[in-house]
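Could you build the full structure based on these sequences and the hints that come with them?
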Amino acid sequence: MDILSLFIVLPLLTVLVLLGARSLKQARLIAMVGTLVQVAMSVNLLFAYLRERAVNDEIMLFTRDLVWFRDFNIHYSIGVDGISVALLMLTSLVVLAGVFISWKMEELPKEFFISLIVLSTGVYGFFISLDLFLMFVFFEIAVIPMFLLIGIWGSGPREYAAMKLTLMLMGASAVLLVGILGIYFNSGADGGPLTFNILEIAEVQIPVEAQKLFFPLTFIGFAVIGALFPFHTWSPDGHASAPTAVSMLHAGVLMKLGGYGVFRVAMYLMPEGTLHWSWFFIVLAAFGVIYGAFAAIRQTDLKYINAYSSVSHLGLVLFALLMLNKTAWNGAIIQSLSHGFMTALFFALIGMIYERTHTRDVTKLGGLLKVIPFISATYVIGGLASLGLPGFSGFVAEMNIFVGAFQHPEIPYRIASIFVVSAIVVTAVYILRVVGMMLMGPLRENSLTPMGKATWYEKTGIFLMLLPIIGIGVAPLWLSEMILKSIQPFIQGVL
Amino acid sequence: MDMETVLLLRQEISLLVIALILLLYEIFASDRKKAGVVPLAIALFTIHTALGFAAMKEGVLFGGMFRTTALIHLFKNILNLGVLIVLLQSAEWVRKELLPQKRGAEFFILLLSSLLGLQFLISSGDFLMFYLGLELSTLPLAALAAFEIYQMRSSEAGIKLILSSAMASGITLFGISLLYASSGTIYYSELAGVITESNLTVLAMILFFAGLAFKISLVPFHFWTADVYEGAPIGVASYLSVISKGAAVFILMILFFTVLKPMIHLWENLFYLLAVLTMFLGNLFALRQQNMKRFLAFSSIAQAGFILLGLITGTTLGVATVIYFVLIYIFSNLAAFGVVQAISTATGKEQMQDYEGLYRTNPKLSLVMMLGLFSLAGIPPVAGFFGKFFLFTAAASEGYYFLVFLAVVNVTISLYYYLLVVRAMFLRKSEHPIPYFANTVFMRIGLVITVIGILVLGLYSPVYDYIYALSSTLN
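So the protein lines, in turn, are chains A and B.
Just so you know, our numbering puts 437 at position 436 of the first sequence, and the rest follows in order with no gaps.
Just so you know, our numbering puts 420 at position 386 of the second sequence, and the rest follows in order with no gaps.
Don't read these hints as lab results, they were simulated from the structure.
No false leads were slipped in.
The list that follows gives simulated cross-link-like pairs (lysine to aspartate or glutamate, EDC-like), each with its CA atoms no further than 16 Å apart:
1. B:Lys463 with B:Asp388
2. A:Lys26 with A:Glu108
3. A:Lys213 with A:Glu273
4. B:Lys463 with A:Glu160
5. B:Lys463 with A:Glu108
6. B:Lys91 with B:Asp36
Pasting the structure below:
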């Protein structure tokens, strides 16, 4: 068993063991052990990767290739580069934190943890796939448990949110399917056999006309899950209705599939299409950044605020990717990681606040810093990271993105960059507004009832998210070095 | 006729023998032992199915009227498997409803006769045998659809089926006669050489196609489907939706990919149009259905539209993907029908709202249902996803990207109504959920086989490889 296949096999084994669980205590214990091992595996992978990278110049490391469907040339083909290793790391940490946050999941606990782990299996598989078909399979495996997770354990209009989210994401994946088929049937353009293998297709010059046709399909197919405006509407409703751990996993990990897919499939395989369409999607992404930020100002529900903030932050990822240069791409990927940890942290904290005050309405909360100091203080830290304060991961990411964006030689692109930078100010407004209203000020009615302090499992979950945020912020160089090395072959492909 | 030629008819003879044994059992068994007909029929048919997998020679009989090849043999095995599952799932219903009326054996005999007709249909080498097979498969079904004689809607289903199928057979026969008039032969092997495109042959082809389209329930020949499925016993409805539909797809493929291949530039347009109509109408009508049988009826119409995506290609890839899809569709649809059957037999409930909260009382049945529906919707890693993906690949390989796009739009629409059932079972809570009930052994086996099929057929690629290798023999 190779080091990467373990990421698929071990979660499945965990699911099998979970099937036998009889109570909440057993279920959460099994889930915790399983996800802890996943974290250990991704840490191990990180070091193994760094060791191997020092001596190996291949684009993808730890590759493995087994023929699956011979006639279609579909392979079980896996491998990782620095970007996927970083994202695997993110995934395993968020899942573990999610298990801790769901420590008191009373309703159908076994089923809850099974769905959670199936979802994470899909995400792992997606990040390690080198075969478009395999990638697509894992993409859908990651999306469909969301329906049950939001529908069964959610709150508010959960059925509506679950249905909307599932249909929009599956609809997007349907569009993506056409794009993938288009790529597949043009992968023999230089006379070779048709293939789904990403690295092999990258060697082939897909006809320009085909690229122009299939790039937007592939791009939109992935970007919907990355909350591209105007296809983001599933995200606020979904986040607001989902249980805490699911919001964390969803915003923290699942939405990263979008940027990753856009980068690894749409842009890498169809550079001409990218150049042809980039202005169009830049406009959408830029609009999403600004719109998300302004929408967040107007919201009063904590989860909606955070969801729109995600739309804004992830719009930034797509925006940076389309700027087509190394610095911006580096920023986009660090932004993905940073946003993953930050959003997961926020949703975890919102869940804790809601549990104690029974409301998520900022206008009804006040002075929380006095009653639940630990949770409130962490919220402030997360907020500062989110608005891009130096010393936290958000700053590293946004700095790279904007430095890269301004390097774009054409004037319209620079103008777009100026607009997008202004969103930072708006971000500061909505974060400071929440901090001011909810955490400071006088105590409100809802805050007067005695509230429990943060428990050990809540603290563990919080620290799992907080440490990387600070870690990336304080020592970003080793991470950007790892990412930059992995970006190199893509730069050559696209530019 | 020596022994070896007779062996070419092995499948058909074995079916006939089973039917006769059951008939004799019915006549001679004492009243107390009449219940034994259920296990007897299932045991005999299991042996028949197992024997079917033994290797078989290829050959032609009756001067070219009947022929069998490795591919046709595969078709028959697929149908056998499907019928075996249908029998297992219907066992409890037969025991509960039919045995008190002493009509247990009749059900099996009629069902097997219909299957016999289908076997002849796909083995046919000329249009005479084709027509005989078609009629032999349809007439027992009309009787079966009206089998619950104390229920009005069952009789209505029988009448509807017999009238509309008589109409369809007539149209088909008219088409065949025109084909004969234009070419002077009814043998497939001779027709392939002499058929030329003229107004007469085009008309013949369209009329002929209409009859088969009725069996596959393509729009606009689908009007009978929902009413018949709703009125007929569930076992019969599931037989109609997978077995008789599957066989019709197979013979349609054989004829259009060989005999009528020269006219592909005409019928590909026809298929294109019908594929779009069938997918959209089937899906849109399925959205609002509350009765589970009507719901599955419209879903199966929509699935037929997807099948056309593979048929439109006329290539080996098209053949392979269509067979593969039909095979998976049999398992997926029978998983869904099986659960509906189990619940209906135990409690008599058939409405979607009755299923609310089912997971909390009958978790296993709910999971089987969910797997079946996910497979029908085409969600990985269950088999239905692979079936659909490959069908779309086949269509895209001939450049039908826009049709594939319309199809994926339909996949998304269909996902909505499949999720409605999942929502009822898993998300909703009910004050009067269907109480827990234990299933009989036969039903359990019937459901377990479908689940194994749904899980294995997709992920285990040698199945597809085998089908693909055989498919190239058709052209």
